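Could you build the full structure based on these sequences and the hints that come with them?
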Amino acid sequence: MRVAGFSIFVLAAGQLLAQHTYTPADIQEGGRLFRANCVLCHGPEGDQVPGIDLGHGRFRQTYSDSALVKIIQKGIPGTSMPPHNLQDFQAEIVIAYLRSIATSGRAVSGNGDIARGKTLFEGKGGCTQCHRVGMNGSRVGPDLSDIGALRRTVEIERSLLEPNEEVLPQNRYYRAVTKQGETITGRLLNIDTFTVQLLDSKERLVSLQRSNLRESGFLAESPMPSYRDKLTSQELADVVTYLSSLKGI
Amino acid sequence: MMRRLPLSLLLLAGSLAAQVTPDRLLNADKEPQNWLNYSGGFMSQRYSPLTQITPANIKNLELQWVFQARSLEKFEATPLVVDGIMYTVQAPNDVVALDPVTGRVFWTYSYAPSPLSRPCCGRVNRGVAIIGDTLFMGTIDAHIVAIDAKNGRPLWNTEVAKPEAGYAITHAPLVIKDKVIVGTAGGEFGIRGFIAAYDVRTGKEAWRFYTIPGPGEPGHETWSGDSWKTGGASVWMTGSYDPALNLTYWGIGNAGPDYNGDKRIGDNLYSSSVVALDADTGKLKWYYQFSPHDEFDYDAVQVPVLADITWQGQPRKVMLWANRNGFFYVLDRATGKFLLGKPFVEVNWADGFDEVGRPKRVPGKVPTPEGTVIFPGNQGGTNWYSPSFSPHTGLFYIPSWVNYSSVYIKAEQEFEEGQRFVGTSPRSSIGGLGGARVNTRKEDEGYGAVRAIDPMTGDRKWEFKMNDVTDAGVLTTASDLLFSGGREGYFYALDARNGELLWKAAVGGSVASGPMSYAVNGRQYVAISAGNSLFVYALKQ
Chain A
0 MRVAGFSIFV LAAGQLLAQH TYTPADIQEG GRLFRANCVL CHGPEGDQVP
50 GIDLGHGRFR QTYSDSALVK IIQKGIPGTS MPPHNLQDFQ AEIVIAYLRS
100 IATSGRAVSG NGDIARGKTL FEGKGGCTQC HRVGMNGSRV GPDLSDIGAL
150 RRTVEIERSL LEPNEEVLPQ NRYYRAVTKQ GETITGRLLN IDTFTVQLLD
200 SKERLVSLQR SNLRESGFLA ESPMPSYRDK LTSQELADVV TYLSSLKGI
Chain B
0 MMRRLPLSLL LLAGSLAAQV TPDRLLNADK EPQNWLNYSG GFMSQRYSPL
50 TQITPANIKN LELQWVFQAR SLEKFEATPL VVDGIMYTVQ APNDVVALDP
100 VTGRVFWTYS YAPSPLSRPC CGRVNRGVAI IGDTLFMGTI DAHIVAIDAK
150 NGRPLWNTEV AKPEAGYAIT HAPLVIKDKV IVGTAGGEFG IRGFIAAYDV
200 RTGKEAWRFY TIPGPGEPGH ETWSGDSWKT GGASVWMTGS YDPALNLTYW
250 GIGNAGPDYN GDKRIGDNLY SSSVVALDAD TGKLKWYYQF SPHDEFDYDA
300 VQVPVLADIT WQGQPRKVML WANRNGFFYV LDRATGKFLL GKPFVEVNWA
350 DGFDEVGRPK RVPGKVPTPE GTVIFPGNQG GTNWYSPSFS PHTGLFYIPS
400 WVNYSSVYIK AEQEFEEGQR FVGTSPRSSI GGLGGARVNT RKEDEGYGAV
450 RAIDPMTGDR KWEFKMNDVT DAGVLTTASD LLFSGGREGY FYALDARNGE
500 LLWKAAVGGS VASGPMSYAV NGRQYVAISA GNSLFVYALK Q
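For the record, the sequence lines run as chains A and B. First residue of the first sequence: 0, per numbering that gives the first Met the number 0; consecutive thereafter. First residue of the second sequence: 0, per numbering that gives the first Met the number 0; consecutive thereafter.
Rather than coming from a laboratory, the hints here were simulated on the basis of the structure. Keep in mind that this is a model prediction, so the values were computed, not measured. Warning: the hint list may mix true and false statements.
Dumping the calculated DMTMM-like pairs for lysine to aspartate or glutamate here, alpha-carbon to alpha-carbon at most 20 Å [claimed, not checked]:
{"id": "1", "chain 1": "B", "residue 1": "Lys441", "chain 2": "A", "residue 2": "Glu165"}
{"id": "2", "chain 1": "B", "residue 1": "Lys282", "chain 2": "B", "residue 2": "Glu220"}
{"id": "3", "chain 1": "B", "residue 1": "Lys441", "chain 2": "A", "residue 2": "Asp52"}
{"id": "4", "chain 1": "A", "residue 1": "Lys69", "chain 2": "B", "residue 2": "Glu411"}
{"id": "5", "chain 1": "B", "residue 1": "Lys464", "chain 2": "A", "residue 2": "Glu165"}
{"id": "6", "chain 1": "B", "residue 1": "Lys441", "chain 2": "A", "residue 2": "Asp64"}
{"id": "7", "chain 1": "B", "residue 1": "Lys364", "chain 2": "B", "residue 2": "Asp350"}
{"id": "8", "chain 1": "B", "residue 1": "Lys203", "chain 2": "B", "residue 2": "Asp147"}
Now the structure itself:
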């Protein structure tokens with residue numbers, strides 16, 4: 000008879016769809032689908048195609064909600080917009096994600112310098128202790144080689160300032176203590192009733208039998224520190240600009 | 000148990016010595032080496048009297064063979080085993096006869112469904128039925144096909160309904176006496192569901208029961224306007240049969256459009272109900288509606304499990320039912336009288352029952368344009384996955400989705416034949432039927448479990464928790480073993496008395512079927528379909 004855990008449901012406002020309630024998981028999944036299917040052409044902000052700004056509902060003509068879903072699914076013949084193999088609800092949560100872009104804004108702290116940002120990333124920031132760009136850095140944290148193609152600048156900045164605000168499911172950290180007393184911490188890759196798979200702090204792929212664990216669970220806090228007091232505002236802008244420039248191979 | 004049978008049926012039985020006679024189907028428990036229909040017997044308890052494999056020796060259970068289907072569809076079929084031959088279905092509609100000791104194939108019958116077929120949720124099939132030397136399969140283009148069990152040759156093929164209108168058959172048929180009975184899926188396409196019986200020799204329709212009453216029939220008034228014409232109420236799981244009452248029981252799917260009931264004002268009988276039909280005529284004897292005017296996709300398509308128990312000091316013929324709507328029920332199966340209803344998972348849409356068993360709705364817990372959080376969610380507290388009742392432990396075992404909810408959103412939708420007719424889709428933190436290879440969810444986002452319920456009280460006796468949810472059925476045996484699986488790709492055995500894990504095997508694919516057990520030459524086997532393959536286990540020799 001309980002109804003728990005849904006106080007965080009959001010009612011996202013916007014012009015793209017009639018107002019529906021979407022869970023944070025819906026929007027997160029919509030973002031994942033957007034990054035998997037759309038960012039290559041539309042860019043992480045959804046404004047890479049001239050005349051179109053998906054995040055703010057600006058198209059070359061006015062579309063109804065259902066028409067947008069059909070466009071995502073079937074593409075636009077005669078244009079470079081291809082069809083996508085998405086179910087109705089998947090297309091709808093992509094739109095819900097785009098709507099969340101409109102409400103979260105785009106403003107970042109300032110203009111930065113890519114070269115200075117790279118130096119900070121590899122030096123003072125200590126970012127490569129956990130993150131990897133190209134062939135350099137650790138794999139313990141999320142690989143950032145193409146972060147600029149996948150994530151919006153405002154999201155990158157938020158991750159630096161408020162690292163606990165959004166941790167994608169695939170980036171959650173897990174801690175296990177074996178019955179022999181060994182503590183293993185790492186990024187959770189997979190979990191089932193009997194086993195756990197992690198990438199541990201030494202970049203080892205570790206598979207554990209849960210029957211051999213004394214305790215285990217997700218870390219409440221992200222291991223990522225906040226850089227709010229570690230970098231000046233200019234340094235922060237430099238790092239954000241550098242990360243936003245990373246588009247992968 | 001032998002009832003007076005028509006002369007034609009006696010001739011059928013007489014001319015087919017050692018074949019599957021109606022009498023053998025009635026007394027399936029007398030030949031535990033075989034598995035003669037979808038749920039292992041007319042009571043549908045998915046309970047095997049075999050005792051060779053026990054809690055003490057199950058550590059010696061080992062894989063005997065694997066049948067890899069040439070199909071990437073979900074493998075949802077439960078095989079039959081009849082006198083040393085296994086019959087199963089490779090999705091969508093290939094019947095395969097196998098040696099149950101080695102897995103070698105005797106023959107394959109490939110049926111090519113119409114390209115117009117459009118099953119809502121996978122091109123799947125859950126198994127065949129048998130009488131005499133004839134197998135029966137429902138097809139995803141809504142035909143029923145009779146096949147010679149000796150050589151796989153088709154004998155007759157009857158169109159049950161039109162696939163282009165969304166009709167399909169995915170469940171294993173049920174043979175009762177000289178009739179083979181099927182129901183029609185397609186509830187997401189605005190069909191008008193029905194159950195129909197066909198002559199096992201000719202394929203000629205013997206009777207038809209519409210799951211939505213037509214004009215002039217009792218219950219028709221529970222549908223406003225013309226909504227009865229497109230109200231769904233599909234049938235996609237195999238029914239049960241009580242020979243003493245001559246009643247066959249079938250679970251009926253949800254009303255359509257699924258998530259918007261504004262244009263189908265009323266209770267919408269017999270959607271989300273169980274119906275008890277005269278097996279000879281198809282006439283309705285009684286019904287019980289679990290979810291009146293359902294708007295949550297709470298199909299009552301669970302297998303009706305029949306049990307003869309002592310209820311409040313008196314022997315009683317009951318029906319045990321864990322419903323997709325989150326409640327566990329005990330009904331009197333002679334009359335349909337409501338005896339008990341109790342949640343077996345979190346429920347927030349109803350908070351009890353009136354004296355005749357009608358659920359008391361919680362105000363405001365309806366789909367809205369803005370969305371409403373409902374427990375259990377769209378896939379239900381359980382779904383089509385077979386539960387099990389063990390007469391030995393007296394417990395009822397339910398594959399359960401725990402702490403699981405969806406946001407239900409209401410939207411307008413106009414009917415167009417053959418197109419989906421649901422009224423938008425609920426959102427859930429747990430994905431649909433496809434399952435995922437990688438899982439990083441937390442327990443508080445919902446999890447799967449096998450829950451053991453005492454039918455006398457509805458109280459939970461134990462729970463076996465899984466990290467991911469489950470689409471797997473449950474088998475129990477007379478040696479107090481319980482077999483099941485889940486999306487994670489394990490097939491496992493529990494102690495049916497306390498839920499203790501006794502044995503497990505990694506089968507490498509989601510288990511979306513019910514286990515079964517059989518014996519050949521005195522050796523007990525356990526079979527499970529998982530991923531795209533069928534796995535068979537026995538004790539090490």
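Out of the numbered hints, which ones does the structure contradict? As far as the earlier hints go, 3, 5 and 6 are violated by this structure, in ascending order.
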